[in-house]
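*Asks:* As a plain string of letters, each chain reads:
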Amino acid sequence: MIILQVEGVGKQFGGLQALSNVTVDLPQGEILGLIGPNGAGKTTLFNVINGVYEPSDGRIIFNGKDITGLKTYDVARLGLARTHQIVRPLNELTVRENVIVGACFGREDHGLAAAGAIADEVIEFIGLSVRTDQLAGSLNIGQKKRLEMARALAARPYLLLLDEVLAGLNPSEIAGMVEIVRKIRDRGITIIMIEHVMHAVMNVSDRMFVLDYGQQIAIGTPEEVANDPKVIEAYLGDPELAERLMSDAD
Amino acid sequence: MDFLSASIVDGLLLGFVYGVAAMGLTLIWGVMNVINLAHGPIIALGMFGVYLIFTALGLNPYIGIVLVALLGLLLGVLIYYVAVHRVINAPHLSTLLATYSVNMMIIGVGTAVFSTSPRNVDFSLGSVELGPITLLGSRAVAAVAAVLVTGALYIFLYRTRPGRYIRAVANNRDAAELMGVPSTRILALSFGLGTMLAAIAGGLIATFFPFTILAGGVYELKSFVISVLGGLGNPIGALFGGLILGVLEGIIPTFMPTTWVPVLEFVLFVLILLVRPSGIFGAKK
Amino acid sequence: MNGLRKYSGLILAIVVVLALVAWPTINGKDITREVVFTMILSVALASSLNILLGYTGYVSFGHVVFFGLGGYVGFYLMAVQNWSLWPAMLAGGVASGTLAFFLGKAILRLRGGYFALATIGVNEAVRAFINNYKPFGGPVGLSLNFSVYQNYGGGAREALWLSFYMLAALTILVIIVSYAVRTSKFGLGLLAIREDEDAAEIMGVRAPNAKTWAYVLSAIFPGILGVLFFFKNGNIEPAPAFRLQLSIEMIVMVMLGGQGTVLGPILGGAGYQRFRGFLLTNPLFKNIQLAVAGFLLLIIVLFIPAGIIGWVRNRFPKLRRVLQ
Chain V
1 MIILQVEGVG KQFGGLQALS NVTVDLPQGE ILGLIGPNGA GKTTLFNVIN GVYEPSDGRI
61 IFNGKDITGL KTYDVARLGL ARTHQIVRPL NELTVRENVI VGACFGREDH GLAAAGAIAD
121 EVIEFIGLSV RTDQLAGSLN IGQKKRLEMA RALAARPYLL LLDEVLAGLN PSEIAGMVEI
181 VRKIRDRGIT IIMIEHVMHA VMNVSDRMFV LDYGQQIAIG TPEEVANDPK VIEAYLGDPE
241 LAERLMSDAD
Chain W
1 MDFLSASIVD GLLLGFVYGV AAMGLTLIWG VMNVINLAHG PIIALGMFGV YLIFTALGLN
61 PYIGIVLVAL LGLLLGVLIY YVAVHRVINA PHLSTLLATY SVNMMIIGVG TAVFSTSPRN
121 VDFSLGSVEL GPITLLGSRA VAAVAAVLVT GALYIFLYRT RPGRYIRAVA NNRDAAELMG
181 VPSTRILALS FGLGTMLAAI AGGLIATFFP FTILAGGVYE LKSFVISVLG GLGNPIGALF
241 GGLILGVLEG IIPTFMPTTW VPVLEFVLFV LILLVRPSGI FGAKK
Chain D
1 MNGLRKYSGL ILAIVVVLAL VAWPTINGKD ITREVVFTMI LSVALASSLN ILLGYTGYVS
61 FGHVVFFGLG GYVGFYLMAV QNWSLWPAML AGGVASGTLA FFLGKAILRL RGGYFALATI
121 GVNEAVRAFI NNYKPFGGPV GLSLNFSVYQ NYGGGAREAL WLSFYMLAAL TILVIIVSYA
181 VRTSKFGLGL LAIREDEDAA EIMGVRAPNA KTWAYVLSAI FPGILGVLFF FKNGNIEPAP
241 AFRLQLSIEM IVMVMLGGQG TVLGPILGGA GYQRFRGFLL TNPLFKNIQL AVAGFLLLII
301 VLFIPAGIIG WVRNRFPKLR RVLQ
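Residue numbers (this note's numbering), protein chains in the order written: chain V, 1 to 250; chain W, 1 to 285; chain D, 1 to 324.
Accuracy of the hints is not assured; some may be wrong.
Unchecked claim - The following label-pair restraints were derived from C-beta to C-beta distances:
hint, chain 1, residue 1, chain 2, residue 2, range
1, D, Pro-87, V, Gln-134, 20 to 26 Å
2, W, Tyr-81, D, Val-16, 37 to 43 Å
3, W, Ala-90, V, Lys-65, 32 to 38 Å
4, D, Gln-81, W, Asn-89, 51 to 57 Å
5, D, Arg-320, V, Gln-28, 41 to 47 Å
6, W, Arg-164, D, Phe-285, 18 to 24 Å
7, V, Phe-13, W, Asn-171, 27 to 33 Å
8, W, Ala-175, D, Ile-11, 49 to 55 Å
9, W, Ala-90, D, Val-16, 27 to 33 Å
10, V, Leu-112, D, Ile-299, 36 to 42 Å
11, D, Ile-299, W, Ala-152, 33 to 39 Å
12, D, Asn-233, W, Thr-259, 20 to 26 Å
13, D, Arg-320, W, Ala-90, 20 to 26 Å
14, D, Ala-180, V, Gly-29, 49 to 55 Å
For the record, the hints were derived by calculation from the structure and aren't laboratory data. Just so you know, even glycine gets a beta-carbon here, dropped at the ideal spot from N, CA and C.
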């Protein structure tokens with residue numbers, strides 16, 4: 001079953017074409033890695049999918065429903081959750097309250113009591129139990145990233161958009177997070193993840209999708225993508241990255 | 001018809017002075033995103049400054065305004081360091097209340113010292129007849145002074161180093177700091193300039209209207225309206241906003257009771273905030 | 001016992017108000033009643049504003065518009081249409097709530113300072129309009145016939161006591177509503193909006209709706225209280241009804257006690273008025289009471305921005321459950 005169809009989506013900001021004619025179908029249960037050089041339009045694509053921006057062209061179909069131009073909160077309630085590259089904790093609320101917000105206003109629209117139970121379960125799953133009554137603003141960056149994940153998961157989404165959840169983490173934290181991403185997929189949740197930590201994203205993704213200057217230049221298995229001349233060319237601006245890209249594919 | 005043109009000219013002349021008052025408010029907003037709620041009392045202090053210099057020292061009110069401008073600058077810098085600097089990065093509520101507390105202190109002390117009885121600067125420049133229109137001398141001079149002040153501000157902002165620093169800080173404080181702009185001193189200077197403009201406007205108003213220590217409140221509210229008309233944060237736009245308001249105040253009473261003027265002003269104010277928060281000229285930075 | 005613990009925050013808040021009400025009730029003095037009237041009126045106004053300011057994070061600088069408008073609508077119905085106080089109070093609340101609903105749809109799109117400015121503009125526009133509105137008496141306002149008070153317990157003094165207990169009951173109602181919002185799912189949505197509106201929306205909080213209802217809730221009670229206040233006052237005029245200063249005092253009270261908490265505005269409202277009363281009657285400060293109050297406000301803003309309750313909560317996290 002196809003859970004998300006992005007059909008010919010474009011986005012313009014003034015004279016800048018941030019995305020043009022992006023088309024991708026996402027089957028349920030897949031992990032799609034979204035990569036590309038900085039400024040390629042990856043986060044913009046997320047913003048267009050979840051309704052932060054309305055696309056200039058094209059349509060977004062989610063679970064068979066056209067969600068183009070819907071407000072972010074309506075998209076969220078249909079079962080599409082996301083995390084942010086720059087974390088956005090609700091600082092003056094506790095970790096548990098943050099996650100309860102996710103559960104309360106997510107797809108299942110729970111009351112406070114039921115949301116509390118879900119929050120406890122998700123916090124346990126994500127490994128923040130010892131922090132549960134701490135104010136979100138007092139967490140360190142790794143914990144804040146987990147909190148973002150927990151909030152998104154508590155919404156019980158069908159589709160999860162992860163924006164650089166591995167950035168800024170140390171190697172053991174990365175391994176833990178990759179494990180969590182796998183477990184989330186095992187629960188039947190479809191995932192698109194933007195990532196710069198190449199070995200991790202190649203490792204965990206079923207397919208990869210590459211953007212460059214707002215254009216899609218490749219889509220396929222990690223091996224196919226890593227050996228695609230256009231992808232290598234796109235990354236030539238950053239030779240080190242290209243090298244890592246190729247070595248990680250082996 | 002003559003009556004209409006006379007009242008438009010009156011409004012226009014007054015509009016220049018409104019513009020100077022609003023320039024002070026909008027400059028502070030533009031540079032540091034602070035709504036200065038002590039604006040009205042500082043206008044009133046400008047009035048009293050000129051009054052005291054005129055009555056106690058017997059100096060010409062226009063010399064008084066120069067002195068008042070200087071004192072206004074110093075007062076603003078002081079207010080910035082004492083009340084604003086600590087909360088400059090805090091949420092809006094903090095700066096609103098911090099400047100309001102300054103408002104309370106000025107009004108509190110001012111009322112105790114001057115009471116709330118009306119004063120006026122007993123001074124006249126006579127009037128000039130221009131065809132059917134009678135120009136009150138002090139208003140005409142005030143309008144000319146307002147234009148000079150605007151020109152001086154423009155030159156300061158665009159042709160001098162501190163002015164360029166102010167614009168840089170207004171544009172992006174972090175980036176300006178990285179480039180070595182002493183941002184704290186520039187913020188204090190901007191606040192000082194804002195209060196200086198308020199004090200000058202107060203001083204000019206005192207040359208033709210009677211006033212009390214509470215009189216600044218009306219001009220503070222007008223400054224809000226004008227700032228929004230001209231685009232919050234755009235000092236030159238404020239002059240045009242002032243002229244528009246002045247002309248409106250001249251025209252409206254010719255076809256409806258004067259008491260409806262504030263209704264229209266504030267409805268216009270809210271509508272512009274909603275439809276074009278960048279002002280009818282758009283914010284220029 | 002469990003229920004007692006669960007509601008300890010609410011119970012503590014109500015006990016504070018009841019203690020205040022008990023004071024003139026026990027000593028029976030009119031002067032004490034007047035002092036406490038001002039204090040609990042402030043408590044009720046500050047608690048209402050807190051729903052918008054403290055929970056939702058929107059700075060309504062012109063909140064007095066709801067006090068004034070509700071007061072005017074109710075007063076007009078009493079003075080001109082001969083309504084009795086109770087339905088007039090209801091009508092005042094409905095009028096303010098309705099204004100907030102339509103206003104909210106429009107101006108709650110504005111954020112930060114722009115919203116604050118718009119609320120000032122709205123208050124000034126309404127004030128200027130009422131100044132010109134003949135049915136409401138224009139600049140002169142309206143007054144009640146003294147004989148009206150005989151319908152409320154026999155004479156003016158009885159009517160004043162009745163107003164006092166009515167205010168006390170309303171204040172407790174406001175506190176219950178404030179507590180119910182604070183501890184509800186709706187309230188959690190508001191807190192999320194306060195912390196980060198865009199992030200809250202992305203999590204599914206329907207911010208435009210939630211903000212509007214918070215605005216309406218925070219406007220209804222000032223409307224009702226306005227009717228009661230001006231009924232007790234005997235007359236209403238534009239200047240005291242739409243006094244911007246009262247708006248700002250309301251914010252100061254919320255801030256002083258601790259925004260976003262149930263108990264904060266109660267302590268802030270009562271404490272502010274008590275302190276103001278002290279300044280006004282103290283020979284040393286009488287003439288410069290405004291300046292002294294301004295100075296203290298500055299100290300609070302600069303050094304304890306979280307207010308009394310916020311400060312205690314941060315110092316003693318264990319008290320969080322009680323100090324809601």
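*Asks:* Now tell me, hint by hint, if it's right for this structure.
*Replies:* These are the hints, each one checked on the structure:
1. A hinted range of 20 to 26 Å is violated for the C-beta pair Pro-87 of chain D and Gln-134 of chain V, which are about 50 Å apart.
2. The hinted range of 37 to 43 Å is satisfied by Tyr-81 of chain W and Val-16 of chain D, whose Cβ atoms lie roughly 38 Å apart.
3. Checking the proposed 32 to 38 Å range against Ala-90 of chain W and Lys-65 of chain V shows it is violated: the Cβ atoms sit about 43 Å from each other.
4. In this structure the hint that Gln-81 of chain D and Asn-89 of chain W lie 51 to 57 Å apart at CB holds, the actual value being about 52 Å.
5. The beta-carbon spacing between Arg-320 of chain D and Gln-28 of chain V, approximately 42 Å, falls within the hinted interval of 41 to 47 Å.
6. Taking 18 to 24 Å as the suggested C-beta distance range, the pair Arg-164 of chain W and Phe-285 of chain D does not conform, at roughly 46 Å.
7. Separation of Phe-13 of chain V from Asn-171 of chain W is about 19 Å and departs from the stated range, judged on CB atoms against 27 to 33 Å.
8. At roughly 52 Å, the beta carbons of Ala-175 of chain W and Ile-11 of chain D sit within the given window of 49 to 55 Å.
9. At about 29 Å, the CB distance of Ala-90 of chain W to Val-16 of chain D agrees with the hint of 27 to 33 Å.
10. In this structure the supplied range 36 to 42 Å holds for Leu-112 of chain V paired with Ile-299 of chain D, their Cβ-Cβ distance being about 38 Å.
11. As the Cβ distance of Ile-299 of chain D to Ala-152 of chain W is approximately 37 Å, the hint placing it in 33 to 39 Å holds.
12. Taken as a hint, the range 20 to 26 Å holds for the pair Asn-233 of chain D and Thr-259 of chain W, whose Cβ atoms sit roughly 24 Å apart.
13. In this structure the hint that Arg-320 of chain D and Ala-90 of chain W lie 20 to 26 Å apart at CB holds, the actual value being about 23 Å.
14. Checked against the hint of 49 to 55 Å, the pair Ala-180 of chain D and Gly-29 of chain V fails, with Cβ atoms roughly 42 Å apart.
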